[in-house]
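Sequences are here, hints too, so could you generate the full structure?
Protein chains: 2
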Amino acid sequence: MTDADPIKTPLTLDDGVDFAIIEHLFFAYRDFTADPDAILDEYGFGRAHHRVLHFVNRLPGLTVAELLEVLRITKQSLARVLKQLIDDGYIVQIPGPRDRRQRELYPTQKGRDLALALALPQSRRIRAALEEAEPGDSAAVERFLRAMVNPELRAQMDKLPNGRSK
Amino acid sequence: MTDADPIKTPLTLDDGVDFAIIEHLFFAYRDFTADPDAILDEYGFGRAHHRVLHFVNRLPGLTVAELLEVLRITKQSLARVLKQLIDDGYIVQIPGPRDRRQRELYPTQKGRDLALALALPQSRRIRAALEEAEPGDSAAVERFLRAMVNPELRAQMDKLPNGRSK
DNA sequence: GAAATTATGTCAGCCTTATTGACATAATTT
DNA sequence: AAATTATGTCAATAAGGCTGACATAATTTC
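Residue numbers (this note's numbering), protein chains in the order written: chain C, 23 to 188; chain Z, 23 to 188.
Hints should not be assumed to be uniformly reliable.
A pair counts as met if it fits within one copy or between any two copies, since identical chains are not told apart.
Said to hold, decoys possible - Calculated lysine to any residue pairs in the SDA-like style (CA-CA distance at most 25 Å, straight line):
no., residue 1, residue 2
1, Lys132, Thr55
2, Lys97, Asp59
3, Lys132, Thr34
4, Lys97, Gly68
Calculated from the structure, these hints are not laboratory results.
Computed from a prediction, not measured in an experiment: that's the story for all the values here.
Structure follows, in structure tokens:
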């Protein structure tokens, strides 16, 4: 009986849980993804296309298998999205030079342009958020977000180019 | 012709976009949601159930309309998820005292327990991430995440109980 | 050189979470 | 009494995942 009774007091920070950051992450991520979502809509693409396009631009020449590992989705899930991006001329496949079974994935100029257009509002939002911040906050945020990732997956992040790499 | 050519240089920070934080957010949020997702699976629930259960626990007595506004989904999307949570005894509906058309939503003890169980690994992850951090980083992270939210939606966040309440 | 393994592609079917539009009911407001 | 409001429900659709099965070509192994 008592188990079906309504509980009228809210869960609060007193319950030993950091609801503030949990909820801040939820709302921040929602608005963060809303920017590119609006653009993608105009192209008939979704968030899945964005992720593929993004990583192909950040790691040009990566293979299908490598992409699957970064995205942690199945081959069949990737197939539909990747096929569209190729058919529409945003990404091209080139047989691997060593192993000709592999398909190296590269963006076209069209794909590069769209990737940048999608990243721009996100970068703008981040810059605006950091303008209201104290100096050093940027590094703190990056450290925190990195520490939120499973340790065994941090190596993946380190593979991404982080600076002037011609 | 040139438009279909592969581009072999990666997008880097030089392109004027803060890819570091963009990607850190992506990876951090993915692992952050993986924790509760694993628990929800055992109950036959998904992420949608989590969100409903969370906000009903944080704002007990909120109405269906209020919940729709927080979640920004449609009535029809909420219906299925909410019905399951009610049928399974995690949430109860009580006719609004003023307006008997309204249904106030409250968690049961079972619903309170599950909400806490879902929040715990997330809170643990946050605590662990902050242990490696400098003092003051926690506040910096919270400020940053808040600034990432659309200004007009920040008011919604302020409605959530943030401290010792009763 | 034959056999096994690997990288990729593709087909078919299913699930979850979201959407829109339409309509029903009960309660409140005008 | 009529209009509006809060909620519930039905039907159809879409995106983005999933699994399992099978095909093909290229490489590796024996």
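Structure-based check of each hint:
no. : hint            : result
1   : Lys132 to Thr55 : within (21 Å within a copy, 33 Å between copies)
2   : Lys97 to Asp59  : both (23 Å within a copy, 22 Å between copies)
3   : Lys132 to Thr34 : between (49 Å within a copy, 17 Å between copies)
4   : Lys97 to Gly68  : both (17 Å within a copy, 23 Å between copies)
The earlier numbered hints are all upheld by this structure, with none contradicted.
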